[in-house]
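Asker: Chains as they are written, first to last, in our numbering: chain X, 1 to 387; chain Y, 1 to 131; chain B, 1 to 356.
Don't read these hints as lab results, they were simulated from the structure.
Please note: incorrect hints may appear among the correct ones.
[Unchecked claim] Cβ-Cβ distance ranges computed for the label pairs, FRET-style:
#, chain 1, residue 1, chain 2, residue 2, range
1, X, His116, Y, Cys24, 43 to 51 Å
2, X, Val119, B, Arg35, 38 to 46 Å
3, Y, Ile130, B, Glu156, 38 to 46 Å
4, B, Arg346, X, Asn60, 38 to 46 Å
5, Y, Ile130, B, Arg9, 49 to 57 Å
6, B, Gly349, X, Asn60, 38 to 46 Å
7, Y, Arg39, B, Pro293, 56 to 64 Å
8, Y, Pro129, B, Gly349, 26 to 34 Å
Virtual Cβ for every residue (Gly too), placed ideally from N, Cα, C.
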Amino acid sequence: MRKVAIVGIGQVPVREHWDSGLREMAVRAILDAMQDADVRNCDALYVGNMLAGYLSDQSNLGALLADYAGLQVSEAVSLEAACGSGAAAFRQAVLAVASGMVESAIAVGVEKLTEHSDVSPTNGLATAADADFEAAMGLSFVAINALLMRRYMHEYKCRKENFAGFVINAHDNARHNPHAMFRQAIHLEQYQHAKLIADPINLLDSSPIADGAAAVVIVPAEQAKQFAQPAVIVNACEVGVDTLSLSKRKDPLKLGAVTQSTQRAMQTAGINHTDIDLLEAHDAFSVMTTLALEAAGFAEYGQGTQLANPATIGINGKLPLSTFGGLKARGHPVGATGMYQIVEAVTQLRHQAPDAIQVSDAKRAMVQNIGGSASYVVTTILERDKA
Amino acid sequence: MDLPRIWRLKSQRYKLEGSQCKSCQKLSFPPVQVCSDCRSQEIEPFRFAGKGSVYSFSTVYNPLTQFTEFVPYVVALIDLAEGPRITAQLTDVKPEDVSIGMKVEMVIRKISEQSDKGAIVYGYKFRPPIK
Amino acid sequence: MKRLLQPTRETGIVGYGAYIPRCRITAKEISTIWRGGRDIDNLPVDEISLPGPDEDVVTMSIEAAQNALLRAGISPDEIRAVYTGSESHPYAVKTTGTLIAEVLDIAPHTSAADLQFGCKAGSEALLAGVGLVGSGMADYAMALGVDSAQARPADELEYTAAAGAAALILGPATEAVAVLEGAYSYVTDTPDFFRRAYRKYPEHGNRFTGDPGYFKHIQASISTLMEEMQLRPEDISALVLHQPNERFPRKAAKTLGFSQTQLETGLLARKLGNTYSSSALLGLTAVLDSAKPGDRILMAGYGAGAGSDAFCFVVTDRILTMRDKAPDTHTYIYRTLPVDYLTYARLKGKINTGGE
Chain X
1 MRKVAIVGIG QVPVREHWDS GLREMAVRAI LDAMQDADVR NCDALYVGNM LAGYLSDQSN
61 LGALLADYAG LQVSEAVSLE AACGSGAAAF RQAVLAVASG MVESAIAVGV EKLTEHSDVS
121 PTNGLATAAD ADFEAAMGLS FVAINALLMR RYMHEYKCRK ENFAGFVINA HDNARHNPHA
181 MFRQAIHLEQ YQHAKLIADP INLLDSSPIA DGAAAVVIVP AEQAKQFAQP AVIVNACEVG
241 VDTLSLSKRK DPLKLGAVTQ STQRAMQTAG INHTDIDLLE AHDAFSVMTT LALEAAGFAE
301 YGQGTQLANP ATIGINGKLP LSTFGGLKAR GHPVGATGMY QIVEAVTQLR HQAPDAIQVS
361 DAKRAMVQNI GGSASYVVTT ILERDKA
Chain Y
1 MDLPRIWRLK SQRYKLEGSQ CKSCQKLSFP PVQVCSDCRS QEIEPFRFAG KGSVYSFSTV
61 YNPLTQFTEF VPYVVALIDL AEGPRITAQL TDVKPEDVSI GMKVEMVIRK ISEQSDKGAI
121 VYGYKFRPPI K
Chain B
1 MKRLLQPTRE TGIVGYGAYI PRCRITAKEI STIWRGGRDI DNLPVDEISL PGPDEDVVTM
61 SIEAAQNALL RAGISPDEIR AVYTGSESHP YAVKTTGTLI AEVLDIAPHT SAADLQFGCK
121 AGSEALLAGV GLVGSGMADY AMALGVDSAQ ARPADELEYT AAAGAAALIL GPATEAVAVL
181 EGAYSYVTDT PDFFRRAYRK YPEHGNRFTG DPGYFKHIQA SISTLMEEMQ LRPEDISALV
241 LHQPNERFPR KAAKTLGFSQ TQLETGLLAR KLGNTYSSSA LLGLTAVLDS AKPGDRILMA
301 GYGAGAGSDA FCFVVTDRIL TMRDKAPDTH TYIYRTLPVD YLTYARLKGK INTGGE
């Protein structure tokens, strides 16, 4: 397999886009990515999306978006892995180019959550869990994460305030991201008094659902130098898979799929934890950030929240986290999230981030997109092209 | 109205019927077709007794739409006495009285209903033992 | 003319079970809401039992039936009928009994039917079950009286319309905790209380429900049964009457020549209200909970419309070993969660959420 590189990125702001449909947002992101790369066409289109069929009555997104983006493609298809749909599409694009089947590919993640007349996004998101034995029993997706958080706090005698640092950091960074949904700082007191959604998870533990689309253009690495933008090499893009239901895992606090995908990615890229300059983590819930950091090996089990301080995860810290606000503050347009993470990491590695959130001399980024309660996890290692 | 699904799942919902691997005796709920431990496909139904203890729990304030009438309600992961862990609601208990490790027993309750003209879904929930 | 109903095969109750949901609202609270508390010293009951948000006739039936099965110690698949008496079946069309039978492993080799006859649907189910077993057609039948009663906001009925369930398994007398000695049924067409199809709340004739309704029918059934069986009040250990409130059964017992002591054990209305189809049956389960072998129990249900079924049982030795196999009636009576009127209104679907 040959190495591939990202040579174009595009994104629309994460918002409630009342005036744009699924196709307008996705096409905008695709066209922006192609303009960024200065290309007129790509061979294949991979779409990451979770809920278009459920909320927008629209499936078969590959053909729809290829048509509306004016692409002449040999393949166009949509992939679904709940909140990990974006990374699923990205990985497919990477594999397609890496294998030599195509010479260029676009990966786009898109989600339209404000489009619902009869059905609620809460019900839609719950389809990420077991429909017959979790959602049918009244578990929202938040509730599933709340079960993890409660158990975590019980087992590790961890106070709720310990999670606050992740949330404060994400909001702090989002202030400088024009595409972020929430661009205001928050304080510990606000976190402590936020209203409960599913005890112990409160509003500020949770990422907001919103609309959005983000896209990248992928080409073989050996061609990357022909493009205008500094190329970013995909050094690894590896998956881990676990049971869909929490109840079937021996220890739900140890996210096996995170461990697998992280280890595989680091092995493929030939790096270890200290080689990473920044981490775009899947901070859909503050407990998920914590569990993922532990399972990925950045902290011992039970110690994850000790990282939640500016000296560690701030822009100038040892492991800058959620540098554009993460899911928490940039927003979490489900199937687009994984693509926003890639676009943001690429921006960091090109050294094109707004000054306040540019990680100085960023060379290597890790991006982790998680589907379900870590049932499908994609870890990507991106590296600034040395040339 | 999801009538076929209500009908198809009644053994699980009404009787807590899971499965047991004939080869390694591993118990599962919900039932499986392949043993997750030994990969055997020799599987037979197994009825759980409905006793267990709370592994974790949460009180839901923002429900799925078909659960609106029950808010706030408590969901839990429950360790069944026979081994497997199950996801279910707790009932007949105030959220503030639930604790991890608390003993619970199965009861049949109304799980949800889509509307006043739709079918009613009945099935397992768990409560503190009555005696 | 033989008026007494007696099975050809000796038949009795081989298992019994109670269930009462734990929510309670006080009559005082209702009085405060609708009458400014002006009748607070003269309330028909202290409090009423209410189903929780996830409870209805099906779920209450199942727990009562489980308790009956625990006591009977028989295999559920030996039961050949599930007769469920209620005026609050969750479906207008679709049997409550099939659900009960399926959940409890009684199905599929069984008949199932839902019965309705005001508050005596439960005793009607009992009579039907006795018929099946007493004729020798089947060895076991299950009879349930279950209700989650409705009352229009501000209606006097709100003070008493309650919820509960009782299940009786009928079987051969040799296995019974209480053997049936005789029964008698009495009906006339009396429009004292009714609910038209598609209506949410019932209508009633206020004081008309008393003399021409409850008293006439329940006194007729008890006195005829006693006359036919040549029984006198002193032959009876416990009298259980349908209890729409506390006053009615007390007054009827007195008129029939019984002492209030004979009524006491089976009179639950002050704590529960009127549990409709389960009212008399729960009185019976409470009496069985503390009965001695040889005790003779008279029970009469009453249903608007109107009619009364009366039964005479004699308790056997088996009661001593059987009754502790399941929670007794008072376990449920004492298991309470007080709620205010708003919660009550929510639980009973009295808050209009704008649906159809």
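Asker: Okay, which hints does this one fail, numbers in order?
Answerer: 3 and 5
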